[in-house]
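Participant: Chain A is fixed; fit chain B onto it per the hints.
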Amino acid sequence: MTVIRKSVSVPVFRRRVNIPALFLLAVLLVMAALTAASIGAVSIPLGDILSFNLSEQQQAVLSSIRFPRVLLAVIVGASLAISGSAMQGLFRNPLADPGLIGIAASAALAVAIVIVLAGPISGFFGLYGLSFAAFAGALIACFLIFRLARLTGGFSVTYMLLTGIAINALAGAGVGVLTFLSDDQQLRTLTFWTMGSLGGALWPSVIVVSTIVVPASIILIRNARELNVLLLGENEAKYLGVDAERLKRTIVICTALSVGAAISVSGIIGFVGLVVPHLIRLTLGPDHRLLIPASALLGAILLLLADTLARTVVAPAEMPVGVLTSLIGGPFFLWLLIKQYSGRFGL
Amino acid sequence: MIDAENITYVIGGKHILANVHASFEAGRITTILGPNGAGKSTLLKCLTGAINPTEGRVLIDGRDLGEYTLDELARCRAVLSQATPISFPFTAHEIVAMGRNPYSNNESVARNSHIADEALKLVDAWHLRDRSFPTLSGGEQQRIQFARVITQIWETDGASLLLDEPTSALDLKHQHQLLDLVRDLCTARRLTVIIVMHDLNLAYHCTDNCYFIREGRIEGGGASRDLLTPKKIAEIFDLPEKYAAQRFGVSLPG
Chain A
3 MTVIRKSVSV
13 PVFRRRVNIP
23 ALFLLAVLLV
33 MAALTAASIG
43 AVSIPLGDIL
53 SFNLSEQQQA
63 VLSSIRFPRV
73 LLAVIVGASL
83 AISGSAMQGL
93 FRNPLADPGL
103 IGIAASAALA
113 VAIVIVLAGP
123 ISGFFGLYGL
133 SFAAFAGALI
143 ACFLIFRLAR
153 LTGGFSVTYM
163 LLTGIAINAL
173 AGAGVGVLTF
183 LSDDQQLRTL
193 TFWTMGSLGG
203 ALWPSVIVVS
213 TIVVPASIIL
223 IRNARELNVL
233 LLGENEAKYL
243 GVDAERLKRT
253 IVICTALSVG
263 AAISVSGIIG
273 FVGLVVPHLI
283 RLTLGPDHRL
293 LIPASALLGA
303 ILLLLADTLA
313 RTVVAPAEMP
323 VGVLTSLIGG
333 PFFLWLLIKQ
343 YSGRFGL
Chain B
5 MIDAENITYV
15 IGGKHILANV
25 HASFEAGRIT
35 TILGPNGAGK
45 STLLKCLTGA
55 INPTEGRVLI
65 DGRDLGEYTL
75 DELARCRAVL
85 SQATPISFPF
95 TAHEIVAMGR
105 NPYSNNESVA
115 RNSHIADEAL
125 KLVDAWHLRD
135 RSFPTLSGGE
145 QQRIQFARVI
155 TQIWETDGAS
165 LLLDEPTSAL
175 DLKHQHQLLD
185 LVRDLCTARR
195 LTVIIVMHDL
205 NLAYHCTDNC
215 YFIREGRIEG
225 GGASRDLLTP
235 KKIAEIFDLP
245 EKYAAQRFGV
255 SLPG
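If you're matching them up, the sequences are chains A and B in order. Position in the first sequence (first residue = 1) + 2 = my numbering. Position in the second sequence (first residue = 1) + 4 = my numbering.
Okay, chain A solo, but in the shape it has when bound (with noise of 0.2 Å):
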C-alpha cells in the first residue's frame, strides 16, 4: 500500500502581511460599524454622521440605539471568534468551538430553568436575569470540566472533550425535560434565546459584556506564542519551557468567561467561532499571534453584517442572527471543506 503524498507550499505573502493584514481589516471594521450605523428604519446618511450633521432625532437614534448595538455586534462577535481560535489551539484541532466542551448547552440550560421554573421575573432581574443565567452556566460548565479533571489528576485534552460531549448530553436532557414542563409563552421565548439575536442591546450591557471581553481577549493574545508551541504535544511544550498545565487552565478560564459573558448578551450564535479561525488559517497562516487579534477583527466584521442584515431583510420585524450566521455559515463552511481536503492530504 502505497500513500501517495504530495506537500504543499505555502503562499509565500503568507508570511509577509501580518501588520498591513491587521490594518486593513481594522479598517474594514471601522467601515462596517458606520455603514451599520447608518442603516435601519430611520436613514441617516453616511456622510452625516461623518460630518456631525444630525438631528436631535438622528442623535437619539444613534446614541441611544444603533451605536450600542453596532458596539455589542462587534464585541460579541470578537469574543466568539477569539474564543474559537483559542480553543481550536487548545485542542490541536482546527475544527473545535467553545460549544465542544459544553459550555453554550450548559448556559442555554441555566437560561431554560430561569425561563420556565422562575416564571415571570420584574424589575431589575427581570431585565437581566436570563443574562445572569446564561453567564452562571457557562461558568459552572467550566468549573465542573476542572473539577472532573482533578479527579483524574491529569488535565488531558481527550478526557475534556469527552467531558465536554457528556456535560453537552447533559445539557441537552434538562433542556428538553424543561421544554416539555414549559407553556407556550415560555417555549417560545426559549426558542427564540437559543436561536440568537443582539436585540436586547443596551450601553449596561455593552459595558458590562466589555469590561470581561476585553481584559481575556488580551490575556490569550498575550499566551499566543505558547500557544502555538503546545501545538507540538504538551510534552514537546513542557520540553521548551512552557507550563502546559498553567497556559490550558489560562485558555479554558479566559475562553469560558468571554464566551458566556458573549452568549448572556445575544444567546447562541453559531458559526462565528468555527469559520472566522478557519478563515483566517487559510489565508494568514496558524500562527496564533496573528489569528488571535485578526479573527477578532473578521469575527467583529462578519456578526456585524450578519446583525445588519438581521434587521433590515424582514424590517420592521427581526430575523434571529444566530439563525442567519448558520444559514450562511453552514453551506459555506462546507464549500470550504470541499474545497480543501478534496485530492490532497491534511493542510
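There may be inaccurate statements among the hints.
[Unchecked claim] In silico negatives: residues of chain A with every beta carbon more than 10 Å from chain B:
hint, residue
1, 46
2, 187
3, 234
[Stated by the list, open to error] The following label-pair restraints were derived from C-beta to C-beta distances:
hint, chain 1, residue 1, chain 2, residue 2, range
4, A, 168, B, 111, 40 to 46 Å
5, B, 230, A, 285, 54 to 60 Å
6, A, 245, B, 229, 47 to 53 Å
7, A, 163, B, 172, 27 to 33 Å
8, B, 68, A, 181, 56 to 62 Å
9, A, 152, B, 130, 43 to 49 Å
Since the hints were derived computationally from the structure, they do not count as laboratory data. Glycine residues also receive a C-beta, built at the ideal position from the N, C-alpha and C atoms.
Facilitator: Frame of chain A; chain B shown alone:
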C-alpha cells in the same frame, strides 16, 4: 551528565521500571536498547521529567531534576519525542523556529529565525523551508523536528540531548547523516546524548556506550563495541543466536 538513581516506576501495580541505575556521560552518546515494552521510553520519560518515577531520582549535572525550573531545563536540555501529529499548516521553518521559544524574550526574532534556517540546512531540509509541515512525509517531518530540537541548544555547551527513536522514519542516507550530526555536536559541545533506538547496527557503529533494558531492569551496560555481541543480543531479545549473528553480517566479532 545525567544520572538515574534507583528509578522505579509502578503503574497499576505493575513494575514498568525496577531499581534502574544508569549514568550518562557528557561528550558521549549512550543508547538504550531492549525489546518492545521493556521500558525504554518510560525510562526516557523519567529522565526528561515528563513522568515522575514512583521511587528514585534523576540528577542533571549533580542537581535533582525537580529543582530545575521549566525554563532552566528548556535552555540546557532538548528532547525529541516520537512523532506527534500536527494538524495546523505551519511551515517547516515555523516549526523549527519554535525550538527557540525559551530564548524568545532575550534574542531578536531575526536572530532566532536565522538559527532556524541554519538548523534546516544542517538536516538537509533547506528545500522544505516553506512547505506546510502536515503535508510532509514522515521522514521529512522527523528531520524537521530534529532541527527544531537542536536549535534549542544551539549555543549551549554541556547541554543534554535526548532522542526517542530519531531515525525510525529515515532512509539510510539520512539515518547516517543525522547520527553523524549528533556525533559532531556531541564532540564539539560536550553534549550528553541519550538515544533510544532499535537498529543494533547503527547502535554498534554510532554510539559510545549502551544500556540493555529488559522487563524494566537494566541487564548490562558498558561500551557499545564490547557489549553488542550476538550472544548478548540473543539473550536480551530472546532470539536464537544464529539470527542474532545474521543481524550483524560480518561486522561483529564473536
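Participant: Which numbered hints are broken by the structure, listed smallest first?
Facilitator: Numbers 3 and 6 - these are the hints that the structure violates, sorted from lowest upward.
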